[in-house]
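Asker: Each chain, written out:
There are 2 protein chains.
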Amino acid sequence: MELNVQDRTTPPPVVVLVRPQLGENIGKAARAMLNFGLLEMRLVAPRDGWPNPAAGPAASGADVVLEQARVYESVADAVADCSQVYATTVRKRGVTKPVVTPEVAAGEIHAGPGRSAILFGPERSGLETDDVAVARTIITVPINPEFGSLNLAQAVILVAYEWSKGVALAQPPETELPPVAPQGELDGMIGQLEEMLEGVGYFFPPDRVPATKRTLRTLLTKPGWSSQEVRTLRGVLSTLARPRGR
Amino acid sequence: MELNVQDRTTPPPVVVLVRPQLGENIGKAARAMLNFGLLEMRLVAPRDGWPNPAAGPAASGADVVLEQARVYESVADAVADCSQVYATTVRKRGVTKPVVTPEVAAGEIHAGPGRSAILFGPERSGLETDDVAVARTIITVPINPEFGSLNLAQAVILVAYEWSKGVALAQPPETELPPVAPQGELDGMIGQLEEMLEGVGYFFPPDRVPATKRTLRTLLTKPGWSSQEVRTLRGVLSTLARPRGR
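If you read the sequences in order, they're chains A and B.
If you read the first sequence in our numbering, its first letter stands for residue 39, the second for the next number, and so on.
If you read the second sequence in our numbering, its first letter stands for residue 39, the second for the next number, and so on.
Don't read these hints as lab results, they were simulated from the structure.
The reader is advised that the hints may include incorrect statements.
Going by beta-carbon spacing under 8 Å, a handful of chain B positions derived as facing chain A [stated by the list, open to error]:
#1 R69
#2 N73
#3 G99
#4 A100
#5 S187
Straight-line C-alpha distance at most 25 Å; calculated DSS-like pairs for lysine-lysine [stated by the list, open to error]:
#6 B:K251 with A:K260
#7 B:K251 with A:K135
#8 A:K260 with A:K135
#9 A:K251 with B:K260
#10 A:K135 with A:K251
Each residue gets a CB set at the ideal place from its N, CA and C atoms; glycine is no exception.
Turn these sequences into a full structure, and let the hints guide you.
Answerer: Below is the structure:
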């Protein structure tokens with residue numbers, strides 16, 4: 039059945055727990071999510087495997103979230119079908135990405151179009167720089183600068199709570215902006231470019247390669263290109279990669 | 039010293055835990071409070087007395103809140119110096135009092151004048167009717183009607199979070215986005231790319247050239263890249279344009 043414009047709403051965001059450590063905290067995050075109507079949890083490389091017997095009791099009845107949780111090997115895999123990826127961080131980092139509050143992020147997620155993913159890091163250390171690089175936008179909870187001690191479930195509940203406020207208000211997007219391409223399509227383009235650059239010796243010296251790749255990823259993630267735009271750029275790259283001299 | 043109008047701010051609200059059961063939950067509530075700048079906790083008839091050795095470890099460093107916590111025999115005693123008393127409840131009750139969200143309550147608390155108190159009930163049962171009767175207003179967190187499972191610390195953190203939004207400490211984090219490159223720099227990059235693409239026969243058929251160039255310009259203008267990002271991309275293009283086969 040085809041939906042008409044009135045029926046079209048932005049899907050709820052996916053909560054991605056990146057390398058979570060304790061099953062108990064996964065359960066608490068599930069409980070926090072379901073309180074505010076979020077159902078879809080994805081787990082990237084959970085430390086103690088999955089399923090985890092400690093998760094259920096901590097979920098206090100939010101079993102439906104745990105039962106449907108899916109496991110991925112990498113952040114890129116977990117967000118491949120998502121158009122907009124947010125990384126939650128506590129500290130400011132030296133990254134040139136927009137930083138928004140949970141409130142602003144919730145508004146953006148409702149505005150859509152396309153599905154969003156929200157990344158939460160491991161309990162102790164938070165997200166690594168490479169995880170953050172996948173995201174277009176950073177969510178930072180404005181917190182007491184002298185005492186910032188949010189645990190995983192608390193960070194999840196604040197973001198879920200802000201999202202839930204907009205559910206009743208959610209309107210179909212007014213503008214006809216094309217949806218942002220799923221992250222997997224962008225990754226494909228970035229991979230193609232990196233391969234070309236490797237072939238011509240761009241990545242040098244070797245110890246700078248990860249930083250250079252992050253820089254490229256960041257600036258190519260920034261635009262929020264549509265699928266059509268990504269296809270156009272891949273065509274450009276393919277043309278540039280063709281043998282020359284003809 | 040008398041404060042003038044500009045200096046006069048409404049004091050932060052007092053968090054009143056009514057007959058709390060577990061010391062651990064008192065500690066978690068303290069942690070939730072301090073994250074969002076609330077310092078004053080009052081305890082009404084804590085079940086296991088006070089101080090409670092289980093509270094400290096659960097507070098994760100929010101000791102200042104626990105050390106200053108004061109114990110009262112009744113709700114009435116605990117809120118005697120407060121101008122506005124809120125009772126947090128999950129369910130609607132048969133009481134004829136205004137029911138507001140944490141967001142609305144936070145706005146009222148900031149508007150003042152006078153100090154506010156927010157009552158939170160025991161973990162299992164919530165506030166009794168007699169406790170609610172002391173309050174002028176009820177705070178209810180809008181929650182998933184099919185799964186309402188907020189624990190004490192979570193209820194506290196949502197209310198504290200909403201309050202903190204109205205305070206100076208709750209400024210949205212500054213974004214460190216670099217300025218967008220002047221159009222001339224972008225044009226330089228677009229010109230470089232077009233020249234490369236002309237060299238490899240990308241623009242074909244001829245009657246499509248203007249539309250294709252517009253498409254490329256549109257998608258390269260969309261990001262709002264900084265000067266540094268434009269320079270990086272020009273470096274990428276220069277590398278790709280170098281003679282190959284070496």
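Asker: All the hints need checking, so say for each whether the structure fits it.
Answerer: Going down the list of hints, with the structure as the test:
With its C-beta approaching chain A no nearer than about 6 Å, R69 of chain B sits inside the 8 Å limit, and its interface hint holds. The interface hint given for N73 of chain B holds, since its Cβ lies 6 Å from the closest Cβ of chain A, which is under the 8 Å cut-off. Taking 8 Å as the C-beta cut-off, the interface hint given for G99 of chain B holds, the closest approach to chain A being about 6 Å. At a threshold of 8 Å, the smallest CB-CB gap from A100 of chain B to chain A is about 6 Å, leaving the interface hint in force.
Here the hint on S187 of chain B is kept, as its CB sits about 5 Å from the closest CB of chain A, short of 8 Å. Taken as a hint, the K251 of chain B and K260 of chain A pair is honoured in the structure, with Cα atoms around 21 Å apart against an allowance of 25 Å. Our distance criterion of 25 Å between C-alpha atoms is broken by K251 of chain B and K135 of chain A, whose separation comes to about 28 Å. This hinted pair checks out: K260 of chain A and K135 of chain A have alpha carbons roughly 8 Å apart, not beyond 25 Å.
Note on K251 of chain A and K260 of chain B: the hinted pairing holds, with a Cα-Cα distance of about 21 Å set against a maximum of 25 Å. The hinted pair formed by K135 of chain A and K251 of chain A meets the criterion: a straight-line CA distance of about 15 Å does not exceed 25 Å.
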